[in-house]
Each structure stands twice: as C-alpha cells, then as structure tokens.
Amino acid sequence: MQTPPHKDLSRPLDELHPNERLKHESRYLRGTLVQGLADPVTGSISADDTQLTKFFGFYQQDDREVREERRLAHLEPLYQFMVRVRLPGGVCTTAQWLALDAQARATANGTLRLTTRQTFQFHGVLKPNLRKHVQGIVAAGLDTIAACGDVNRNVICTANPLMSPAHAEATETAHRLSAHLMPRTGAYREILLEQPPAELPANEETLYGATYLPRKFKIAIAIPPQNDVDVYAHDLGFIAIVENERIVGYNVLVGGGMGMTHKIATTFPRLGTLVGFCRAEDVTAVAEHTMCIQRDHGDRGDRARARFKYTIEDLGTEWFCSELATRLGKPLEAPRPFHFESSGDRYGWQQGSDGRWHYTLFIENGRVSDTKERTLMSGLREIAAAHDGIFALTTNQNVTIAGVPEAQRPVIDALLHKHRIANEVGSTGLRRNSMACVAFPTCGLAMAESERYLPTLIDRIDVILREAGLEKDAISIRSSGCPNGCSRPYLAEIALVGKAPGKYNLYLGASANGDRLNSLYRENIGEEQILEALRPLFTSFATQRQPAESFGDFVIRSGAVKAMLAGRDFQR
Amino acid sequence: MPALAVSSPLQSVPDGRSHEVAPWASAPFDPALAEEARRLIGRLDAGQRLWLSGYLAGSLGAAVAKAAPAAPAQPLVTILYGSHSGNGEQLAKRIGETLSSRGLSFVCLDMLDCRKNHLQEAQHLLVVVSTHGEGEPPDSAKPLYELLHSRKAPRLERVRYSVLALGDSSYAFYCETGRRFDAQLEQLGAQRLHDRVECDVDFQEAAGRWMDTVVESIAREHASSASIESLSPSAALAPASATIATAYTRKNPFQAEVLVNQRLTTRNSTKDVRHIELSIEGSGIHYEPGDALGVVPRNADEDVGAVLERLPFDAEAAVEVGSQPLALREALSQHFDIGLLTRPLLERYGAATQDAELVRLTSAGQEEDLQRYLRGRHLIDLLQDHPPTGLDVAAFAQTLRPLAPRLYSIASSLRATPGEVHLTVSHVAYQSHGRERHGVVSRSLALLTDEGATAPVYLQRNPAFHLPADPNAPILMIGPGTGVAPFRAFLAEREAQGLHGRTWLFFGDRSFWSDFLYQAEWLEWRKSGVLERIDVAFSRDAAQKVYVQQRIRERGREVYDWLENGAHVYVCGDAQAMAPDVERALLELIQEHRAVSAEQAEEYLMQLQRDRRYRKDVY
Ligand code: SRM
Ligand SMILES: Cc1cc2nc3c(=O)[nH]c(=O)nc-3n(C[C@H](O)[C@H](O)[C@H](O)COP(=O)(O)OP(=O)(O)OC[C@H]3O[C@@H](n4cnc5c(N)ncnc54)[C@H](O)[C@@H]3O)c2cc1C
Ligand SMILES: Cc1cc2nc3c(=O)[nH]c(=O)nc-3n(C[C@H](O)[C@H](O)[C@H](O)COP(=O)(O)O)c2cc1C
Ligand code: SF4
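Which chain is which? The protein sequence lines are A and B, in order.
Here the first sequence is numbered in numbering that gives the first Met the number 0, starting from 0 and rising by one per residue.
Here the second sequence is numbered in numbering that gives the first Met the number 0, starting from 0 and rising by one per residue.
Here chain A stands alone, though its shape is the one from the complex:
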C-alpha cells in the first residue's frame, strides 16, 4: 500500500482541510458566535461557528423528525443544541445530579442521556436558552469545555472511585489528565458564561496552539480484570497495574478507535497497540507527549484519516516509541502482565473494599426519562435526594449508586422498586449487555435508527434466545446508526451498524472482554433477515459450545466468521 503524503502541522494552511484555517482564524474559537447567538431570525448559528462550539461541548442539531414537514412549510429546520458535560471518570455528586436533572427539565427536552464516555448529554436546547443552560451546568460545579471538538475529550475510567483505592486513584488520574489537557481559551468564559475576560497570554493555547488537534483525541483508563471502558478503542489507553491495592503504573496502548466510512477500505476501526509501561508518576507526561505527537504529526488534510490511529498505522509504533522517548527523555518500560475478563458492567449490589455498597443500575441505552411503565427519571431524582453521596456513570451508559452504607440499602431498594426501575430479573443477559448510540431524531449523521429501535429488536431476539435457552448468557449486542461507531459496536459479539432506514450491517465475533474486533457477517439487511441470521447461530451455540466459551469465540470456532486480527483488514 502506498502511504498518502502526510499533511501535518508543517504544511501551509491552504494545503490542509478547511477546518484548519477556520480554527486558525477563529481567535481561539471565538469566531462569530456572539453575533450568531444574538441573531433572532434563525435558531441556528453560522456553519463555521457550529464547528467551533463543539470545543465548548455543544453541537448544533435539528429535530430530523420534523425536518421534512418544516421544509415543506417554508420553515428552517427545528434547530436545537446537544450539550455534553465534561465529567472525568464519570463521577458526580447526587447534588449535581439533581441540578442537571432540573436543568434538563428547564431548558432542554426533559431527559438526560448517559453516554458511552460516562457523561451526560442534553438534547433539544434552543438557542435562546443556550447560555442559561450552560451557566446552569457551571453553577452546579461542572462544565462542558472540550466535551466535543478537536481536543482531548472526556477522560474515561473504570467506573466508581469508591470501589477500591485503585479505583479512586484511577479516577483521580482521569481528573488530572482532563484538567491538564484542557483548552485554555478565554472564549468559553467570555461568550458563554458572560464573565469578564480572564488574564491570558496572547497565545491563549500554550499546549494546543491556534489549530488545536487534527481531530478528537480520547483517553481511557482500565483497571483489570474489568475492561468496561473498552480500553483498546481509544487513541490512548492506560491499563492500570495494581500491586498491593496501589497503582504502580500503566501499560500504554496507542492508536485505537472505532469510526470508519462504509466501504472505504482506508478507514477502519483499530485496536490500540500495546507499546510499553509507564510509572504512575509519568502518566501525565506520557499523555501530554502522546497527544502532542498527534498534534504535530496527525493528518490535517483529510479529516476522515485524521485520527491518531491512522498516524500510528501509517508511521508505525516503532517510530512512535522513539518519538515519545525523545520527548519524554526516556523510553517506556516493557509492558507488565494483565488479564481482562469482561467489558460489561457488574449489575446490582457490589461491596467495595471499605465495606460500603454500590448498586449498578441498568439503564437502557442511557436514556433517563419517565415512561408509563417505569419512572426512571423521577426515581433517580428521589434516590439522589435520599442519598448524600455520588452517582458514578459507567461507560456502558449505566449508573452506579455508589457509597451506600449497609443500613441505607433497604431505602435505595425500596425506591428502585417503587419506581419499577431495579434491574429486571426477567430481562435477558443480552439486553443487559446492550448499548445503542443516539442516532435519530437528533444525530445529524444517523443513517438508521438506533436508540429508539434496539429495545424492540431485542424484544424479538429475546424470543429466539429463550428458545435456545440462552437468556442468562451475557452476550453483548450494540447498535450504531452509522459507521462512526459511537456505541463501540465493532467490539460487540453482535453488532448492528446502520446503512439506511431499517437496514444494517451485521457483525459477529468480537471477544467478550474487548480485545478482538468483530467481522462483517451480513450486509445491508432488515429486521427479519437479522433474526433469520441469528436463530441458527444461537441454536448451534446452545448445543455445541465448549465450557465457558463465549458467543463471540464460538462463531469463529464454528466458522461463521473469521477472526478479525487487524483493523486494516476490517473493510477488505
């Protein structure tokens, strides 16, 4: 394969993607946002500004449900904003939960959405409410900076700092990395918080520079044997090595990522490559230098190939290791042994090392809202009010009610039952290991339904699972409305990735612990064909599986799909 000429930071602006000039000329992301917010004739902001506001954690979208109807009515689309919170390690206090819950009902669409990067999203925030909304979040002691955009994103970490001292340390590290790699521009404060300008150097972004990163950059920290964060799926992954309850350091993975474009073979999901081990005290430096290597060498010409995974793929890990060693002043050490069991969450009550209890609640696709059947939003509100502690969001779109003293457990249990939201005994292992990205009606990139569809599809899959006697098996299933892969579908034993309304590619054969990608099994099929494809596989799995064999491993052993060993082969 011929490597494309690299368009990195050394090239002049006009050879690069237009977004590079846009960032460069935006005066550290100010753009024309002030004018855009003040324009009463449209619910939108300018196209250029929509690129810039991502760095502040909000995205312009429109309600795709009424797009056609409004077009016919000579109205612009129903513009609205998605707002994402920066929440390193996924931890908020119950008081903060209450504040966000109230904000969702005051200035958003009345629901909260827990994401695959363990934070909150609000949907349906209208332009006139945008500042008020962001200011409400800031008043709760949180912010939305860098939740989106070409910067380091929300740093994720194995959930629940109260589980053990190592969990606390990892979460602390997530906070530290997030703070260290945060953009410094005064624009957020001036424009959104409407506070007087902070004192800043003329070059407001000492770390990023005026053009920031070529693309988003994601960091994850996993504490084995849990791989809930899918540590291989991120630009930079840290695997905590724990000795005597303390983290002595981290194995380092580089160049992971999910997103691709259908049928364009030069784009693909890729698992991070293990390149060594760093000591705990060096983790911030390793993160900063790795991100800056991508800043300096990432492809700024083609945004479809601007992620770190392609830099690693094109320039190699050897090059990376020596570049890092130069910047760090020393090479990484040899990786330490570790073992992952599963990428799922441990549901229900778990006892932490200090004796307190933690209840991980399954939240279907992360959507916190009230329905006729179950009052999830009200229930969590009541629990938050009753529990003076923390809620730990998980990267599987769930929440852990953390730090509950023994005596307090019945209170929480009673509330879970009152609102009919306790993890249903009757729901299958498949459903509890399911995730769907948002997709319609808000995501502008969605090609097919995801969040609104997966639950009903699982209703039907459950039937054939039960027929095969597999209702207890924790088989993972994930759906994404497009190949960007926001639910990390390429790491699911069963994955559906949208192609067009009602049509999906079906992928099978990822490992249960997140260390192997899946492979394409059927292309562009609808619901009936999905069920037809799965039924015989379930039947033979039930009868022919080996002890402790996972479904993902079985479909490979039985020859249904070939094991996917390298991302670059994913679309070949």
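If you are wondering where the hints come from, they were derived from the structure by calculation, not from laboratory data.
As the structure is a prediction and not an experimental result, all values here were calculated from the model.
Every residue gets a Cβ at the ideal spot worked out from N, C-alpha and C, and that includes glycine.
Please note: incorrect hints may appear among the correct ones.
[To be verified] Some chain A residues near chain B, calculated using beta-carbon distances under 8 Å: (1) Pro39; (2) Val40; (3) Thr41; (4) Leu71; (5) Ala72; (6) His73; (7) Gly258; (8) Ala413; (9) Arg521; (10) Asn523; (11) Ile524; (12) Glu526.
[As the list claims (entries may be wrong)] The calculated lysine-lysine pairs, modelled on DSS-like cross-linking and capped at a C-alpha distance of 27 Å, are: (13) B:Lys250 - B:Lys270; (14) B:Lys544 - A:Lys126; (15) B:Lys544 - A:Lys262; (16) B:Lys544 - B:Lys151; (17) B:Lys526 - A:Lys126; (18) B:Lys92 - A:Lys6; (19) B:Lys615 - A:Lys262; (20) A:Lys262 - A:Lys215; (21) B:Lys544 - A:Lys131; (22) B:Lys115 - A:Lys126; (23) A:Lys126 - A:Lys262; (24) B:Lys141 - A:Lys502.
Once you've looked at the hints, dock chain B with the ligands against the given chain A.
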C-alpha cells in the same frame, strides 16, 4: 442571487441594469403619460429594452438597427447537481473546470437554487445526482425533484441533457434518483445528449469518462453552430406578457387550478396559515407585485342549510337578485352574506319584522347594547333569536346584504414564477355564542386540496402598492402576519430582476418556532443579499409581548436614516391595531431624530405619503 457561478469566457454578461438617461422633462407628451412610460421602462431589463426599442423603431417604419449589441446570452451549459455528502458537488465543479478549459460558458447550480426558468432557458443540461435514504433524492434535490414530477413541471423540448447518477450498488434502489431524473426529463420533452451513466462508490473513473464524452460532444456541436448563434432580439420578450389588461372580473372570474396548498404554521401553532399556489396559465392575467387577487365567495353548503332550516320558506322559492330570479338556496350561497351582522342589516330586519327588541336596539342612544349584540353573531343567530315572522321570501331577501369578494395580497412575482399566483391565507376560525364559525373564503381556500380543484379569481390591481419606479430606491417593508405576503412578491421580483436596492423587512407573529411565515425564504434572501435586513418580533415567546412597532422604535435612528436616504415605506396587514401603532412609532422616531415637534413630524410623514413613499395596504 442564489449561489450561482456564472462564467462566460466568450462574452461578458451585462448586469441587466443600464441607467436611464432619457430626458423625460422634454418628452413630447403630457407629464402623466411621461411618468407612466418612464416607470414602465424602469421595470424592463436590458434585453427587454432592446427589444422594445427595436419594436418601436420597426413600428415607425425605420429599419431595426443591425449592429445592436448582443443581449445577455444564456450560458451554453447548465450543470445541475443534487448532492448530500459532496461527491456530486465535487464532480459538478470538475465539469465546470473542464468546460472552462475548453472555453465553453456554463452555470453551475445546486438543485436547491434551481428555478423553473433555469431549466427552461437551459441549452445543455448536465445533471449530477446521488441517491440517499432508501432510493430517495438528497434533501437538496427534493424541491426540484418534486417540481419536475408535479403539475407545474415545465416542458423542456429545447433542452438537451445527460444524467450522471451516483449511488452504491449495495442498496436495493441503486442510483434510483438518477434514473428517475433521467426518465422524467425525457418525459418532459428534453432530448438526451448522452445516455445516463451510473456510478458506484468508486465513481471517479466512470464519472470522468462520462464527463469527457459529454463535454467533447457539446464542444463539437458548439464549434459548428457558433457562427449562426447570433441573437434575435424578439426572443427576449414574449409578446403576450406585454398586454396588461385582463378580461376576468368578479362577475366573470377565472377558474384557477390549485397547484399547492401548504400549511405554513406548524402543527402546534395556534393558527392555520396556508401558502396557496394557483395556476393562471392561459388566463392572460398579468399582475405586478403589490397587486391583489380577488376571490369570489360562496357560502358553505352546511351554513346555507342551517339558515334554510330556520326559515319558513321553500329553499327553491324564487328571489330576485339583480333583477334576475334565483332559487333562495342559490341566492343564499352566492349572493347574500349570511355571516356577521351589521347595523344596517339589523335596522332593515327590525323594520320589516317590527320586532320590538330590534327596534329598540337600532334606535338612537343604544349603541353599546347594539354593539354587544352584534359582536360575533351571524345571520343564523338573528334568525334564532328573532324569527322572520310575517315576512315573505322577497321581503326577507331585501333585508340581507350582498356577499362581497375577498382580496388577498399576491405573494409571488410573475417573473420568478410564471403562470402562478401565490397567496398567504390565514384560515379564519373561531367560536362565538356556542357555534363554530369559519371565514367563508379562507376556509374554502384552506379546503382547496383536491387535484384539479379550482377557485374563482380575478386580478385586483393595486398600483398604489407597487414597487418604487426607481428600481434602486431603498424599501422598508413592515408586514406582520399575513401582511408579509406582498413583500415576498417584492423580493422575488427584485431577485428575478437582479436589482440591488436596499431592502429591510419587519416581520412579527405569535411564535418564532411555529408561525414564522416563509422563514426559510427570508433567510435565503438575507444570505444572497436580496434582503439586506430583517427584524422580527414574536409576541408569545417571552413573558413580555413584543410587536413590530417596538422593533421599529428600537431601530429608530436607522429607520430615520433610511427615510432620509429616500426609502419607501410599505405597511401591510392588520388595519385595526398594527397600522396605527406602526404609524405612531414612525411619528415618534421622526420627531426624536429630526428633533422637531409632533406637528412637524406629522407633516414630514404626510409629505412622504404625498411623494408616494409611505404606502399602506391594510385590512
Ligand atoms: C452520545 C454518544 C453516543 C452514545 O449513545 O452514548 C455519541 C454521539 C455522537 N457522536 Fe460519537 N458519541 C459517543 C461516543 C463515541 C464513541 C465511543 C467512545 O468514545 O468510547 C466513538 C468511537 C470511538 C472513536 O472515537 O473512534 C464515537 C465516534 C464518533 C465519530 C467517528 C469518529 C471517527 O474518528 O471516525 C463521530 C463523527 C465525527 O467525529 O466526525 C461521532 C459523532 C457524534 C455526534 C456528535 C454526531 C455529530 O458529529 O454530529 C453524536 C451526537 C448524537 C446525539 O444526538 O446525541 N462520534 N463516538 C457518545 C458520547 C460520548 C461522550 O460523552 O463524549
Ligand atoms: C387588500 C387586502 C389584502 C388582503 N390580503 C390578505 C392576505 O394576504 N391574507 C389573508 O389571509 N387575508 C387578506 N385579506 C383579508 C381577506 O380579504 C379576508 O377578509 C379574510 O380572509 C377573511 O375572509 P373570510 O371570507 O375567510 O372570512 P369572513 O367570512 O369574511 O369572516 C371574517 C370576519 O370574521 C370576523 N372574525 C374573525 N375572527 C373573529 C373572532 N375571533 N371573533 C369574532 N369575529 C371574528 C371578523 O370580523 C372578520 O372580518 C386582505 C384584505 C384586503 C382588503
Ligand atoms: C444513508 C445513505 C443512503 C443511501 N442510499 C442509497 C440508495 O438507496 N441507493 C444508492 O444507489 N445509493 C445510496 N447511497 C449511496 C450514495 O448515493 C453514494 O454514497 C453517493 O456517492 C453520494 O453522493 P453525494 O455525496 O453527492 O451525495 C446511500 C448513502 C447513504 C449515506
Ligand atoms: S454512531 Fe452515528 S448515528 Fe450513532 S450517534 Fe454516532 S454519529 Fe450518530
């Protein structure tokens, strides 16, 4: 102008705005006629003036000047792309580059910006379009796709075309949109220049081959015909549109077929405002922006039935209408207003029936009680409260008032949308005295949805509300609610004429989210510069109600500067509250920024009115 990249390497395209140098003061006819002629000529573009001068010269017996400068030529090639993810757009741009390099003129248009006339005037049409969804056109191609498949589709006999279809063969409906465009263009009479080429995801090569072939054949053809391609001046103006008068009247209306009946307010709006497009093809009706369309009313059968039920007369009994006998049912449907009551009607009815209460109400000094009774009551209520005892059918009929036609400001420009009239109609519906009431004509228009349904219409000319004679004079338009209709016509006209005068619109309604009539169009026009400024006021979005007059006050300084710079002020819409409030706001800002007394401000506004620079069309 829409995003229109015109490149014409062969000849420069005039901007259509030549300047008037005619010494009108010394024209050999009376000043009024001179003024009329000057204004008429002011509305013509360069090509039309050229034609007219040729025509006049010819009609005087002189020879038509042989060496007339060339009128603006249509570009040789029209590239039309419908693209969602940019592949098609990128190819369209490449075609443009190829054409340029061969010295061939072209225009490259996003389908979203393509109007009927772009198609009709196209010579060679190269269509690049992808397929999305499940075999659907990309969003940006939908309006054109719908136009071509609608009753309004133009005939395209003079167009030669070829389609490049983009798609992905893993979808069930491979290149469906390209196929449909191809078939429909053929259906509309266009001639295929080259067979359709379908491209899969790796489209570059196939697209490149298609491009080379079509460009080559256009170039070859062009080289051989270039010598005869000089322009005939008469092509610039169709003779039929020169006649202005039309034979249709309220007595003899034209049955205009409905083309579009589209609700403009959203489902959750408190109002039902419709955008209605009617066909006037073949009617000879030639309107100007600012004119209104008259609609001949007919009372709803159920309302007539309800009235007849309360009457002691045979529905077929003859009554005299304009000295013609007519069955009562028909007379109530077509000729009598059976809706709101008025004082004169009550007087006549009271006198005829000798009803004591009515006699009292209509006598002097009872104004308050009378108004209270009249409010929201229709004929049916009167018949119920005071049956027509002792009256025969003729005497009863004589108490009624005639049913008047309704007028609607025309919201379109003939230049932009030939053969069509667009209206913006608010469906009047309310409850009073326990009954559901509907506006006679606005309801019938709202119900005009069936294919082939027609409305009886005629042109109501309204010269007082026409655009300024000087095409470059600034215009300040104030039109909340349906009052905005004529301003849509103004801007469409100015866009079609390529005029560049300054424009400023004040619009208001209840809610930004649900009642922003034609929002998408104002935004387009603002983007293209046809609309320089727009200020809006929505009364029900915030705790504090705001109306247009408040926006005018807030912008007082600038409004005054516009007035001082020759702006024409147009006010359209509600006559009861809005127009007087707006006038008050104007007076205040004149007083403030001119630093004059209230009387002087009034005199200033008066003078504007005399100069025909302050014009109102309110109802
Ligand atoms: C909410 C969330 C999905 C969810 O159901 O939880 C999400 C939602 C969106 N993602 Fe994502 N992504 C989310 C996690 C991910 C992940 C998973 C992860 O990070 O662990 C991935 C795959 C990992 C990766 O980055 O490779 C992911 C890969 C993408 C991509 C593809 C990036 C690529 O390099 O190919 C896009 C599109 C883009 O960036 O151009 C995208 C873009 C989007 C946008 C913002 C759509 C857009 O650009 O217009 C979606 C907003 C939809 C909506 O209406 O809310 N999102 N997105 C997740 C929010 C995470 C967070 O809190 O920050
Ligand atoms: C020059 C001109 C231009 C116009 N342009 C437009 C236009 O662009 N768009 C448009 O929609 N209209 C326009 N109108 C108004 C239009 O002509 C009609 O008057 C209107 O559509 C109502 O006609 P109708 O037959 O539907 O209702 P009618 O049967 O005439 O009933 C309407 C009457 O009902 C009464 N009424 C309405 N609401 C209530 C209520 N809540 N309670 C009690 N009584 C009520 C009012 O007195 C009103 O006059 C224009 C009028 C003029 C003169
Ligand atoms: C959501 C989606 C649906 C699509 N559906 C179809 C289809 O039904 N038929 C087809 O031939 N191509 C389909 N395509 C493929 C596109 O037509 C193809 O990618 C094309 O190159 C896009 O061109 P554009 O970028 O100009 O829009 C689809 C693409 C997307 C993203
Ligand atoms: S995977 Fe695609 S459809 Fe789903 S949220 Fe992400 S970008 Fe949207």
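Can the restraint linking Lys141 of chain B and Lys502 of chain A be considered satisfied, given a maximum Cα separation of 27 Å?
Satisfied, since the Cα-Cα distance of roughly 22 Å is no more than 27 Å.
Given a cut of 8 Å on the nearest C-beta pair, is the interface hint for Arg521 of chain A held or broken against chain B?
violated, 11 Å
Please work out if Lys544 of chain B and Lys262 of chain A have their alpha carbons no farther apart than 27 Å.
Violated, at about 54 Å.
Please check whether Gly258 of chain A passes as an interface residue: C-beta within 8 Å of a C-beta belonging to chain B.
Gly258 of chain A check fails; min Cβ-Cβ to chain B is 15 Å, beyond 8 Å.
Just to be careful: measuring from the Cβ of Val40 of chain A to every Cβ in chain B, is the smallest value less than 8 Å?
holds, 5 Å
Within 27 Å, alpha carbon to alpha carbon, are Lys115 of chain B and Lys126 of chain A?
violated, 35 Å
Interface restraint verdict for Ala413 of chain A against chain B (beta-carbon cut-off 8 Å):
violated, 39 Å
Pair hint Lys262 of chain A and Lys215 of chain A, alpha-carbon separation not exceeding 27 Å:
The hint holds at about 22 Å.
Is the hint on His73 of chain A kept, meaning its closest Cβ partner in chain B is under 8 Å away?
Given a least distance of 5 Å, the restraint on His73 of chain A holds.
Is the Cα-Cα distance between Lys544 of chain B and Lys131 of chain A 27 Å or less?
holds, 21 Å
Closer than 8 Å between Cβ atoms is the bar; does Ile524 of chain A clear it against chain B? Give me holds or violated.
violated, 11 Å
Does the CB of Thr41 of chain A sit less than 8 Å away from some CB of chain B?
holds, 6 Å
Hint compliance for this structure: hints 7, 8, 9, 11, 12, 13, 15, 16, 19, 22, 23 are broken, all remaining hints hold.
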